[in-house]
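Please build the complete structure, drawing on both the sequences and the hints.
Spelled out from the first residue to the last, the chains are:
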Amino acid sequence: MIGIVVVSHSPALARAAVDLALEMVGETPPSIAIAAGAGEGIIGTDAVKVAHAIDEVASGDGVLVFMDLGSAVLSGTMATEFMSTSDEVRLTDAPFVEGLIAAVVLANAGASLDEVDREARAAMGAKQSQLSDRDEVAPAASDTQAADAATVDSNAAAPAAITAEETIVSSDGLHTRPAAAIVQALAGVDATVTITDLTTGGGPVSGISMIGIMSLGAKKGDVVAFSATGAAAQDAIDTLVEMTRDGFGELES
Amino acid sequence: MSTSTISLDQLIAWLARFRELVTEKQSYLTELDSAIGDADHGSNMVRGMNAVVEKVGAAPATAADELLKSVGMTLVTSVGGAAGPLYGTLFLRMGVSAGPVTELDGAAFGAALRAGLDGVVARGKAEADDKTMFDAINPALDAWDAAVADGGDIAAAASAALAAAEKGRDATEPLVARKGRASYLGERSAGHLDPGATSSALLFQALADTVAG
Chain A
-11 MIGIVVVSHS PALARAAVDL ALEMVGETPP SIAIAAGAGE GIIGTDAVKV
39 AHAIDEVASG DGVLVFMDLG SAVLSGTMAT EFMSTSDEVR LTDAPFVEGL
89 IAAVVLANAG ASLDEVDREA RAAMGAKQSQ LSDRDEVAPA ASDTQAADAA
139 TVDSNAAAPA AITAEETIVS SDGLHTRPAA AIVQALAGVD ATVTITDLTT
189 GGGPVSGISM IGIMSLGAKK GDVVAFSATG AAAQDAIDTL VEMTRDGFGE
239 LES
Chain B
32 MSTSTISLDQ LIAWLARFRE LVTEKQSYLT ELDSAIGDAD HGSNMVRGMN
82 AVVEKVGAAP ATAADELLKS VGMTLVTSVG GAAGPLYGTL FLRMGVSAGP
132 VTELDGAAFG AALRAGLDGV VARGKAEADD KTMFDAINPA LDAWDAAVAD
182 GGDIAAAASA ALAAAEKGRD ATEPLVARKG RASYLGERSA GHLDPGATSS
232 ALLFQALADT VAG
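Those protein sequences? They're chains A and B, same order as listed. For the first sequence, counting from 1, position 11 maps to -1 in my numbering; every step adds exactly one. The number in my numbering is simply the position in the second sequence, starting from 1, with 31 added.
Careful: at least some of the hints might be erroneous.
Unchecked claim - Heads up, simulated SDA-like pairs for lysine to any residue below, C-alpha to C-alpha not over 20 Å straight-line: (1) B/K156 x A/T65; (2) B/K210 x A/T65; (3) B/K210 x A/D56; (4) B/K210 x B/E158; (5) B/K100 x B/V84; (6) B/K210 x B/D69.
The set of hints was computed from the structure by calculation and includes no laboratory data. Predicted, not measured: the structure shown is a model, and the values here were computed from it.
Take a look at the structure:
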């Protein structure tokens, strides 16, 4: 599993961002280290601290580094000269909060450094499509996904795909937590899953892209189509159908 | 007294003098930084140079590379702001260029500073007229090199470098910042001296004060 490093001027900001991201994953989160502040109570960043954080989480699969701004970026680049690991280290220009959340979820699902970085960098997509007019969502979402290889290979769903259509019953639709839950549920399952919002025409997006799923903006009452290929396709579909009917654990009683 | 080399003791004295100058100018540097940045350059530089002087005093270096690298690492870990990695890189690369010697002639010292500045440029991606420390250091090094090439002694080279650094610093005032926090202000960054160029000019003032005959 990849390691994640969070560089911030403020230890409190880094801690809170990490805590928020960890809300989305289960009991065994990916390896995350914080490098924030410069010495006792000083707001700032320290390249040596960043290098230590990188070394701490490196385990052979690469390390993705999130930075807030300014000197955090300079310290991040400088840290790559001080670290001892030979792991690939990627400084990502992903948005700090959205990207971190997306990365933690996908990293926890065992995705590669490339996949996690791509997902994190696309993380503004969900917010952008949420804030644009709903009619414009569908193309925006597909654009995001077109750029996202974790998403969909247009041929993959073609032969022998198992499909199911379900109506979203949870009041908040496919927002952050359900999207994270879907990615978690599909982690390690031998199936390639896509999700389409048949009501809005949004998608298809990859079932292991939290940001992709969120970018559908699927609301309560929307009909979504799940499509899966691969050895465990039926299991994947069964799981998704059950989760959807269960309102992703968010049904109001 | 006319000399053509800078000794290890002079390098240490240079750092101590730089600490004095940033301490004297702390509120001025912070005032400049509050106009176009985040108002921490004065306190960051003072904290960094206090740590440097303490470190150098605690473990006296026996060679220029050892001294300058230790200065660089101390700045990286103690400054906090962007000046940490930038000044840190300047001294680290100076150390690598200087090598394990106990004195540097004018050409070697100029080459070391140039290597340091190249490191800063690689780190911060700054170019001339971006309104950064580069705008003070680059002309200072050109003036240093020219003075040394003309056969000037260290004091003359340092004096020429200081004049060029101050001129470069003053020339940052009308510029629109293209790097760092100040660049967020766009056109509004014009009309203020760059804090980084100002502290860099102090580095050359410290040098001139230290080697003055």
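Here is how each hint holds up against the structure:
For the hint pairing B/K156 with A/T65, the CA-to-CA distance comes to about 12 Å; that is within 20 Å, so the pair holds. For the hint pairing B/K210 with A/T65, the CA-to-CA distance comes to about 16 Å; that is within 20 Å, so the pair holds. Among the hinted pairs, B/K210 with A/D56 is consistent with the structure: their alpha-carbon atoms are about 16 Å apart, no more than 20 Å. Our distance criterion of 20 Å between C-alpha atoms is met by B/K210 and B/E158, whose separation comes to about 9 Å.
For the given pair, B/K100 sits about 13 Å from B/V84 by alpha-carbon distance, which is consistent with the 20 Å threshold. For the proposed pair B/K210 and B/D69, the alpha carbon gap of about 14 Å is at most 20 Å, so the pair holds.
Going down the numbered hints, you'll see the structure goes against none, and every one checks out.
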